[in-house]
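**Q** Those protein sequences? They're chains A and B, same order as listed. Our numbering applies: residue 1 is where the first sequence begins, and numbers increase by one. Our numbering applies: residue 1 is where the second sequence begins, and numbers increase by one.
These are computed hints drawn from the structure, not numbers from a lab. Incorrect hints may appear among the rest.
To be verified - With a Cα cut of at most 25 Å, we get these calculated DMTMM-like pairs of lysine to aspartate or glutamate:
1) A:Lys84 - B:Glu146
2) A:Lys117 - A:Glu46
3) B:Lys139 - A:Glu120
As the list claims (entries may be wrong) - To list a few chain A residues with every Cβ distance to chain B over 10 Å, as calculated:
4) Leu17
5) Phe21
6) Leu27
7) Leu28
8) Ser40
9) Glu42
10) Cys43
11) Ser56
12) Tyr77
13) Pro78
14) Met103
Stated by the list, open to error - Cβ-to-Cβ under 7 Å is the rule here; a few derived chain A residues that face chain B:
15) Leu76
16) Trp79
17) Phe102
18) Phe107
19) Tyr112
Cβ atoms here follow ideal geometry from the backbone N, Cα and C, with glycine treated the same way.
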Amino acid sequence: MNSYIPLLLLFLFGMILAGAFLALSHLLGPRRKSKDKNASYECGLEPSGNPHDRFSVKFYLVAMLFILFDVEVVFLYPWAVQFKEAIQSGMGSFFFSEMILFMVILFVGLLYVYGRKAIEWE
Amino acid sequence: MPMIELKDIAFIILALITLGSAGGVAFSKKIIYSGFSLLGSLFGVAGLYILLSNDFIAATQLLIYVGGVLILILFAIMLTSKIGDIAVTNKSINWKVAIPIIAGLACFLISSFSGDIWKVADKTPYQSSVSFIGNALLKEFLLPFEVISIVLLCALIGSIVILKREVK
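Chain B extracted, bound-state conformation (with noise of 0.2 Å):
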């Protein structure tokens, strides 16, 4: 048996703190409470990224998702006229046919998992992704990141747009 290192035992609370947070959305009585539960969710992901040496992804998994997508789901939640009034529950519906569906697809998970062809790859010493993508950005796709800030503009524009013609 292989031994148990540090790397495991975090890849181990991370996918619990994951996992369980992803339980808290799918179960929770209140909507409300679900999109709060998919904080942890997100933040586990996040820190799974970094255990896949993917540091710059993690770094935006936690601006952009738990920093700015949560936010707004939660702000539509509680935009949202009259949700308190409806019965929003979570009641599992049609589970004849979700039953032989989750079935199947964790025999095929489970015997693809089991084979034998899931090699370990060398041990690279850990290196941060950033620097690399700041040199990639900033001297061989200059245009494509100059680009990107029309495009963030395009969308700033965009949303003043609709929004303004919607509240006349």
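Only chain A is shown next, with the shape it has when bound in the complex (with noise of 0.2 Å):
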């Protein structure tokens, strides 16, 4: 656990150098407000329609199959780390060919998705 100490650090100092610096801009920083600086960024264009407008629910079928395949990733995990002891061990291919196998499957979800025109956008 101990090596995860570092980490911690890293997300703690991380959290607190962007709130330093946000809150020192905060405090130094001048404010001479015109309209031009107060109209919202768009990357340098004029700002168009209201920025609170609704996302085509299209999206929500891309973020449904991500996460089936998030879920794939985390049985990819496991065996990764254990894959290199297996290959000393002398069991490189079984293991190898048990996450084709695992992956093939998912593969025909994959084919099926494509087959369905699924993430096409009409």
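Reconstruct the complex from the two isolated chains, following the hints.
**A** In structure tokens, the structure reads:
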């Protein structure tokens, strides 16, 4: 667990640094407001439309498909950690074929996604 | 008084992150800020899992909850129509009922935690649980492991079938 302490410290210092920069610029920076400065920033172009606009519902399907493949990655993780040891104990090809089978089954799902044109923009 | 260890400090920081963000979820005026506050809460819970020597659960928490479920929640908020028009407030209602329940629950928790029945487990050296899980999945529980992929495939096809029908 001690190997994770540096990670926690990194996050902590990251947060402190980000907070300090924001606080310093808020406290020390001059504030000379003008109409152009207060306009919302949209890559340098004139802002158009409502920023609180709705998104298309089609994004939701993409997000759901993403979660399913995200779960697949979760199972890749212990496999990847254990793979080197498996090679040394002579089970490398067995481990490899297991994961290939796992991924081929999910690849069928990906083919189905393409076949049904589920992520195509209509 | 026992000496404060680095582990305790880490626990306090993580608990503060978790509870602070949970407060943000509960008290934010706008629902989108509640959604974003959930990030800190789920993240803090992942840290607590690491503190309990369970790094696989922590990685799963980060990948699925922070990376996936939170995105779905934020999408759901951004997709909902006219969410800005409705006065979505987190006003406390029914506090006359809530206060006795909370007080009773607090009494129960304090009395059960202040008892002397909580023993500290023997300190075992930290060991990553990932390799155990990897070995178990790929040797002992090989069939369930492959069945998982079929379950995921079914979920994938099911979600597309349902969504495609609704679009038409």
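**Q** Now look at each hint and say whether the structure bears it out.
**A** Hint check:
1. A:Lys84 - B:Glu146: 21 Å, holds
2. A:Lys117 - A:Glu46: 36 Å, violated
3. B:Lys139 - A:Glu120: 40 Å, violated
4. Leu17: Holds, since 16 Å exceeds 10 Å.
5. Phe21: 19 Å, holds
6. Leu27: 23 Å, holds
7. Leu28: 27 Å, holds
8. Ser40: Given that every Cβ of chain B is farther than 10 Å from that of serine 40 of chain A, nearest at about 16 Å, it holds.
9. Glu42: About 18 Å separates glutamate 42 of chain A from the closest Cβ of chain B, which puts it past 10 Å; holds.
10. Cys43: 20 Å, holds
11. Ser56: 8 Å, violated
12. Tyr77: 6 Å, violated
13. Pro78: 3 Å, violated
14. Met103: 8 Å, violated
15. Leu76: 10 Å, violated
16. Trp79: 6 Å, holds
17. Phe102: At 5 Å from the nearest chain B Cβ, phenylalanine 102 of chain A passes the 7 Å test, so the hint holds.
18. Phe107: Not OK, violated: phenylalanine 107 of chain A not within 7 Å of chain B, min 9 Å.
19. Tyr112: 6 Å, holds
The earlier numbered hints that this structure contradicts are 2, 3, 11, 12, 13, 14, 15 and 18.
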